[in-house]
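Listed below, chain by chain, are the residues.
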Amino acid sequence: QARAEGLLVFAAASLKTVLDQIAEDWRARTGKTVTISYAGSSSLARQIEQGAPADIFISASVDWMDYLQSAEMIRTGSRRELLGNRLVLIAHGREAADVDLEAGADLAELLGDGRLVMALVDSVPAGVYGKQALSSLGLWDRVVSKVAQTDNVRAALALVSSGEAPFGIVYASDAMADAGVSVVAGFPEGSHAPIIYPGAIVATSVAPDADNFFSYLSSPAAEEVFKAQGFTPLFGQGNG
Amino acid sequence: MSLSVRFAHRFGDFSLDVAFEAPAGVTALFGRSGSGKTSVINAVAGLIRPEAGRIQLGETVLFDAERRIWVPVHQRRLGYVFQEGRLFPHLSVRQNLTYSRWFAPRRPGESFDHVVGMLGIDGLLERRPAGLSGGEKQRVAIGRALLANPRLLLMDEPLAALDEERKAEILPYLERLRGETDIPVLYVSHSMAEVARLATTLVLMDKGRVVRSGLAHEVLSDPENVPALGIRAAGASLHATVTTQEEDGLTRLEASAGPLFLPHVDAPLGARLSIRILAQDVILSRTRPEGLSALNILPATVTAVRLGEGPGAVIQLRAGDDLLLARITRRSAQALELAPGADCFAILKSVAVAQSEVGGAG
Amino acid sequence: MSLSVRFAHRFGDFSLDVAFEAPAGVTALFGRSGSGKTSVINAVAGLIRPEAGRIQLGETVLFDAERRIWVPVHQRRLGYVFQEGRLFPHLSVRQNLTYSRWFAPRRPGESFDHVVGMLGIDGLLERRPAGLSGGEKQRVAIGRALLANPRLLLMDEPLAALDEERKAEILPYLERLRGETDIPVLYVSHSMAEVARLATTLVLMDKGRVVRSGLAHEVLSDPENVPALGIRAAGASLHATVTTQEEDGLTRLEASAGPLFLPHVDAPLGARLSIRILAQDVILSRTRPEGLSALNILPATVTAVRLGEGPGAVIQLRAGDDLLLARITRRSAQALELAPGADCFAILKSVAVAQSEVGGAG
Amino acid sequence: MADWLTPDQWSAVTLSLKVSFWATALSLPVGVAVAYVLARREFWGKQALNGLVHLPLILPPVVTGYLLLLTFGRRGAVGSFLEDTFGLVFAFRWTGAALAAAVMAFPLMVRAIRLAIEAVDPKLEQAASTLGASPGWVFVTVTLPLILPGVIAGAILAFAKAMGEFGATITFVSNIPGQTQTLPSAIYSFLQVPGGDAQAAQLVLIAVAIALLALLLSEWVGRAVARRIAGS
Amino acid sequence: MADWLTPDQWSAVTLSLKVSFWATALSLPVGVAVAYVLARREFWGKQALNGLVHLPLILPPVVTGYLLLLTFGRRGAVGSFLEDTFGLVFAFRWTGAALAAAVMAFPLMVRAIRLAIEAVDPKLEQAASTLGASPGWVFVTVTLPLILPGVIAGAILAFAKAMGEFGATITFVSNIPGQTQTLPSAIYSFLQVPGGDAQAAQLVLIAVAIALLALLLSEWVGRAVARRIAGS
Ligand SMILES: Nc1ncnc2c1ncn2[C@@H]1O[C@H](COP(=O)(O)OP(=O)(O)OP(=O)(O)O)[C@@H](O)[C@H]1O
Ligand SMILES: Nc1ncnc2c1ncn2[C@@H]1O[C@H](COP(=O)(O)OP(=O)(O)OP(=O)(O)O)[C@@H](O)[C@H]1O
Ligand SMILES: [Mg+2]
Ligand SMILES: [Mg+2]
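Order-wise, the sequence lines are chains A, B, C, D and E. Under the numbering used here, the final residue of the first sequence carries the number 545; numbering is consecutive throughout. Under the numbering used here, the final residue of the second sequence carries the number 915; numbering is consecutive throughout. Under the numbering used here, the final residue of the third sequence carries the number 915; numbering is consecutive throughout. Under the numbering used here, the final residue of the fourth sequence carries the number 570; numbering is consecutive throughout. Under the numbering used here, the final residue of the fifth sequence carries the number 570; numbering is consecutive throughout.
Source of the hints: derived by calculation from the structure; they are not laboratory data. Certain hints may be false.
As the list claims (entries may be wrong) - In silico EDC-like cross-links for lysine to aspartate or glutamate, where the CA-CA straight-line distance does not exceed 20 Å:
#: 1; chain 1: E; residue 1: 461; chain 2: D; residue 2: 459
#: 2; chain 1: E; residue 1: 461; chain 2: B; residue 2: 637
#: 3; chain 1: E; residue 1: 461; chain 2: C; residue 2: 637
#: 4; chain 1: C; residue 1: 760; chain 2: B; residue 2: 717
#: 5; chain 1: D; residue 1: 461; chain 2: E; residue 2: 459
#: 6; chain 1: B; residue 1: 720; chain 2: C; residue 2: 759
#: 7; chain 1: C; residue 1: 760; chain 2: C; residue 2: 570
What the hints assert, rightly or not - These stretches of chain C come out as covered by chain B in the derived footprint (C-beta under 8 Å, 3 or more residues):
#: 8; stretch: 797-803
#: 9; stretch: 811-821
#: 10; stretch: 839-847
#: 11; stretch: 872-885
Even glycine gets a Cβ: it sits at the ideal position worked out from N, Cα and C.
Next up, chain A with everything else stripped away, as it sits in the complex (with noise of 0.2 Å):
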């Protein structure tokens, strides 16, 4: 059922300011209006599994995609790994001082009897990256019992942006806006498994403009944008 307006992208709630700006880009550029709903990624893929009218989904995790895909939800070959992202430990304050993962910091003692915030890290992405890139750097176990996860990336840096915890690990693209928090390491990129945010043409998409837009998000003024906001574009990647 074709709606009213426009196109409607159903997106991870964690890429509004990025795509708000695209969105607002493309709209300059066509004058043509993309309506974006953020919210989990979980909730939009089984909304559109239940028959949403978006024609575009971009995931913040490479499980959802495959679970619409599995679906037959989405159109077959439009899948594209749109954005990567990078993992960083961040710690509480301005200037905070850096640790050195890779020689084997020993996280445990730095945290005290502190917390390490993370997003979930048996659901969220940003947590399940997290879990495996601080097992594959051996100092999983040492920090489980002091892990404290939230619902979503954005909780776990207002946790150490308030000095909740000192320490949390999130996204390079969260980090980089928060003042009361500083990065105080990187992950290497093999320590996990590649962060990707899949984006796809939903199945029963008729917007005339749906791929055109899809497009545009591949085109180097979004790769300027994503960029300018921490994401690592990934474009020319697609897998589908």
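Following the hints, put chains B, C, D and E with the ligands in place on chain A, whose structure we already have.
Same frame as chain A, but now just chains B, C, D and E with the ligands:
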């Protein structure tokens, strides 16, 4: 129209098992506190559903346990004055009074202004019940029931919270209602004066049972009922016809035994009245006494003497066609040698037969 | 202990402005429905805070508008029988009765068993108020107030919902209370019989004002107050000493004007009693009548004649040292030529002076 | 106001008002009926109904939203039936947001009204029926006016809840600006990205202001009603 | 039961019970006091208090959680004071989860109790004071027993809400298995991964069962109380 009541019911330890007939007119339920009067009225109203029995009003069966008949309360067309008021707190006095008009077709019935005037609640119409005094509430409750154009009036101690003057204003109204309509009234009161004045039928209750029921003047003038009624309530009725309104304010009536003088009775010449005379207001004399302030002296014959356990005696007399009761001391009964067949004179102070004990012949 | 009340207050259109003294004993507030009786009691209890005035109990100032004194309700040590019961629905009858004991130090006071027995509520102790009959509720409310060991009893129509027999059981108890303790009792009732029997002081109210107040027997025997009291309530008191208990159950008393015979009076020989005699129970004669069933005939002298607008007249008499009132017809007053100074005889039916009108001399 | 809010924020405010208003208004009669039945009737399955009513309170909102999606979504049993039969669509429309808000607020509303009904003296209702009022009329003329303060309390609780409802709404009808993005969803969006706090705070203040205004209004109405009953 | 639940799930169940129980039990007296004050007293700032009480209902839970963090966190004004003075710590402790649940449930509790208090006839309280009961005793011996059904209703609403509370809790004290991971957090976390539905459903059923049990119990107690009052 007549109400026929027969049912049995239990609450906890208390069991109720009653049967009586209430013809048109006022049927008084009389009995001690806790004897089951309110429960009987509630069953007739349909607020209690008895376990067994049958209640019929005129041709309509309101309740029949065997035939599983049950007319819902709101279809019974009642006017119920509750023992505890139960005014609607969210409605003004006027709205309380006219509440039933929202449901019943507007029939001629009682005039609003008349009822309100008689109850003296004209000044309260726009107020809400919460601020009313006890007696004011009760008057509004009476008005509400009267204005419901009921086929059956249930009144549970309606006048208990009122002063004598107010009672004296409302009682004649109830009497008129009794006289002019054929709706049965079930009336609970602890005041024998009220009962004696209003009741055409009397139902004596005790511990959930009907002890005695029948025409009020018969029940009241039977010396055997004195213990059940209480001595102060015993009395009998004279029947008399209004003959003259005299200029000093007295009314002359003619009873079968002789003339009677009462303070002004508001009844047309020729009207036949029933005058309740309490046993304790009668003095007896073997000779016709002279020079007494009491104006009413009737020749009578002793028909029965009932000596109580105490110092008192109840004498039943025949005065003309009527029976009278007199309560005197046993000592006087002996001194005057009062025995069945003895002739004597009954002295009634005219003023003792006060306005409130004169009623249209029932 | 004595209660002194003087205050003014307004609710909406109604303004209350009263002042009276209530000495130890029973002070009856008497007046029409809506005249402000309950409001006065509420002000004394502290449930209404008047705009101006002063209320003092014994030495304690309960309220003084000028000096901004205000004793909170719970420190006033009251026993208040409300016009509408107000039993605690969540407590059993027993708990309702003993409620005040949770707060007041356990003083000797009234015995629980005695009060419960007198009120006939022994069988109800474990029940909850919701299932009680109207009269049962009222009796529990009376018990609750009596058992509070109050310094001041406030009773708002406490007996209105009760039958005569029950009243006859409770009244002597209240009389005893009046005799044995010095706590003032403010008592509202529409029953003149109750008021006449219990009250030592009488406060007549009308439209929020005190019309008349003073010693009950003076107020009641003043023919000027007949209109305010209602004719059926007017009466006076004889003072008499118990001399013999006779074997036929009568008690012989000696008044200053002569002997009196009453149905058994439960008082020791030599006790001095005050006997209320209603004006309408007195018959007058210019000559000593013979052969009457009435046993009590006292010589008397007319001291005042008050002719009403109606056919009646009120005659004040001096019998020995006491004043009596008689209500007769105007016609008889003329026929008997009753004028101040005239000698006559007052005929009292002994039984008309019933038990309930005999009280210890106030 | 429109000046310092973006059009999307502005539409979130008006949408929230619309959603909360209709959620409250349409569920109120149902709430009164359910409360009445729970307070005054005995029937088989009463406790099941009671449990059902409370369910949205017990379940995490996401679960409620998901269940709504499964039931009232386009593919859901009830949803497709309603669409085919009445052309009524909840999925991804503001009507769906209203449904979610109504469902989430329902237990609060019912509890408040039920308490009020239980406090009404059945003796007054009896008195009304002796005066000829059928059960329906008794309800309208006696019970309802007497429970008005409770109904108002229930409605305001529901409205406030609807203004704040987020989890079930976003799960059921997503977060589409101008269509299903209510104030709380908009707040959520801002809280999910760095630097959105200030804008979120702005919206929070608007939400609080609206709800408090409604609250004050309800207090005032409730008090007026109570005063009327306590005697002019 | 322990068999088909993982230890973490099992601890989420027991923790949720503990959190909800204490949240309800400890906030109940405060709720009664606040409800009483709102129902029966007039004072300056009453409407402010009223608004404050309702705030958690109006605000999205995340916001409430965030505000709790700012206030009761270790660095928060109240939080640091409590820690220094009483050694009472909320951050990352189950006590914090209980606090969050209590705060979120508070408006529901207060509303229910307040409605009940408003329905108590002040004439009964007057009668008690004439019998020597000071205002405190009047409350304990008359008001409180009469509002018991309302208090129970308020408590059960609060308990159910606490069992379902998620947003504010996870924002304030995060999700630490065994310490702050309540049932709703666990459910949420299962719902975030594809295929987690079955396990989520299992936990949902447990949550529902517990809350319904509590509900039934409260109905039963409430009814017993009401019956006692309506006469043996
Ligand atoms: N809040 C109020 N607003 C207006 N009038 C009021 C208010 N409260 C009481 N009144 C009026 O004050 C008058 C006195 O009331 P009160 O209850 O004291 O009378 P009462 O003498 O006890 O009457 P009753 O014998 O009928 O009980 C009544 O007319 C009543 O309507
Ligand atoms: N639910 C109940 N459980 C136990 N006993 C009850 C119940 N309801 C009424 N009763 C008893 O039934 C008896 C009759 O009550 P009812 O109200 O009919 O008396 P009544 O004659 O109207 O008395 P009153 O003159 O005092 O109003 C009372 O003793 C009362 O205690
Ligand atoms: Mg009764
Ligand atoms: Mg009064």
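Check: So which of the earlier hints does this model not fit?
Finding: none
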